[in-house]
Amino acid sequence: MESQGPTVTSLAIIFAAITVVAISLRLWARIFLVKKVGADDGLIVVAALLSWAFSIVTVVAVEHGLGDHMEDVLARGTQNMITYAQAVWLSSIFYNACLGFIKISVLALYARLGDRTLTRLAYIMLGVVGCQAGGNVLAAIFQCNPIRAAYDITIPAGEKKCINVNAFYLANAAVNIFTDLLTYTLPIKLVVRLQVPRRQKIGLAVILCLGLFACISSIVRITFVPRMLVDTDATFVISPAMYWSVIEINVGILAASIPSFKPIASRYMPKLLGSSYYGRGGSTTGAKKSGTGYGYGSGAFGGRSKGSRGLELHSVDRSNIAGGGSSSRKGKGEPAFNLGTMDTKIERGLGAENSSEEVLYDPNKGQINVRTQIETRFDDRP
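Under this note's numbering, the first residue of the sequence shown is numbered 41, with each subsequent residue one higher.
Do not take every clue at face value.
Pairwise CB distance ranges, derived in the manner of DEER restraints [said to hold, decoys possible]:
| id | residue 1 | residue 2 | range |
| --- | --- | --- | --- |
| 1 | K201 | T157 | 30 to 36 Å |
| 2 | I195 | I58 | 18 to 24 Å |
| 3 | A197 | V246 | 15 to 21 Å |
| 4 | V60 | I181 | 44 to 50 Å |
| 5 | G175 | A197 | 24 to 30 Å |
| 6 | V246 | T157 | 39 to 45 Å |
Below are the DSBU-like pairs computed for lysine-lysine, each with C-alpha atoms no more than 35 Å apart in a straight line [what the hints assert, rightly or not]:
| id | residue 1 | residue 2 |
| --- | --- | --- |
| 7 | K241 | K76 |
| 8 | K75 | K201 |
| 9 | K241 | K229 |
| 10 | K200 | K75 |
| 11 | K201 | K76 |
In case anyone wonders, no lab produced these hints; they're calculated from the structure. For each residue, glycine too, the CB sits at the ideal point set by N, CA and C.
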């Protein structure tokens with residue numbers, strides 16, 4: 041018997057597992073590394089719970105006929121068909137609510153970046169997305185009167201009144217794509233204005249616009265919706281729309297969480313992000329070796345944080361070099377240089393591990409500042 045059910049189930053389980061990992065890493069980074077949880081973190085957790093609920097009801101729908109041909113599903117009896125229809129009805133509710141919380145979480149993140157224009161636009165979009173998502177969820181719940189008529193096929197047509205579901209699904213898909221584009225392109229203007237190297241600017245733009253990948257999934261999904269609404273073999277042709285819905289919401293959650301992984305990568309895999317660079321320079325004035333390092337810390341992008349990174353410069357007393365002595369930071373017990381060696385260090389101050397946001401927007405200067413870590417060594421020993 042031909043069935044697309046196993047494909048739908050596999051994708052639902054795989055992407056649910058990916059979301060578990062993504063949310064776990066995000067919360068671990070925010071709670072234990074950054075030590076600060078924002079509203080966007082709470083909102084994305086709600087979105088994840090809704091995505092898991094969507095995956096569960098999708099698997100239930102598969103167990104009752106989703107992915108199979110209609111004639112095979114009808115042969116299982118009326119109660120099986122009611123359970124199938126109820127699972128599909130619930131999936132539409134969870135899907136619309138999940139999309140709403142994902143976009144609201146992203147907008148909440150934008151609102152705390154510090155840029156006045158972006159903050160205003162984020163609040164405007166919060167209102168738009170909130171109304172849209174709320175309206176979609178209510179329409180999905182109350183699409184029929186009585187409510188159970190949306191899935192109970194035993195209710196006679198004369199005893200129920202339903203909205204045009206076909207028009208609702210098409211309009212819903214189109215509006216979701218539109219609000220996706222508006223939401224995920226909001227920070228582009230901010231990134232263009234940044235006074236940072238082009239490579240870093242491109243990386244920052246990619247991080248902030250990762251949600252466009254979810255938008256692409258939504259565009260692919262909408263191509264399957266028209267056939268799903270008119271084909272008589274509804275239980276079979278609905279499969280692509282269902283697994284693309286799974287992909288869309290879970291990719292959206294992953295994209296919204298990736299910036300939060302930066303503290304983890306910066307602490308345990310700094311070279312992976314290019315957050316530090318150490319090169320060899322040529323010898324000059326009898327110097328045997330020299331090196332310069334540049335680092336951008338562990339952040340993803342802007343925000344105003346009490347735990348912002350600080351750098352402390354330690355100077356060297358040249359008289360001690362001549363005398364062959366050594367100097368230590370008072371109270372630290374850490375040598376600044378050894379015999380015949382001069383070191384200049386720039387170190388992280390208090391709170392260095394408490395922020396994931398080293399590229400900080402400065403409202404007074406109207407730009408994003410990039411902190412730079414430099415280490416220079418000079419060795420004049422023969």
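These are the hints, each one checked on the structure:
Separation of K201 from T157 is about 46 Å and departs from the stated range, judged on CB atoms against 30 to 36 Å. Checked against the hint of 18 to 24 Å, the C-beta distance between I195 and I58 comes to roughly 39 Å, which is inconsistent with it. For the pair A197 and V246, the supplied restraint of 15 to 21 Å is violated, since their beta-carbon distance comes to about 52 Å. At roughly 27 Å, the beta carbons of V60 and I181 sit outside the given window of 44 to 50 Å.
The given range of 24 to 30 Å is respected by G175 and A197, whose C-beta atoms sit roughly 26 Å from each other. At roughly 21 Å, the beta carbons of V246 and T157 sit outside the given window of 39 to 45 Å. A threshold of 35 Å between alpha carbons decides the hint, and for K241 with K76 the separation of about 25 Å falls inside it, so the pair holds. Between K75 and K201 the CA atoms are separated by roughly 52 Å; this puts the pair beyond 35 Å, and the hint is violated.
Between the alpha carbons of K241 and K229 the distance comes to roughly 12 Å, so the proposed pair stays at or under 35 Å and holds. Note on K200 and K75: the hinted pairing is violated, with a Cα-Cα distance of about 53 Å set against a maximum of 35 Å. About 49 Å separates the Cα atoms of K201 and K76, which puts this hinted pair outside 35 Å; it is violated.
Figure legend: structure checked against the earlier numbered hints; hints not met, in rising order: 1, 2, 3, 4, 6, 8, 10 and 11.
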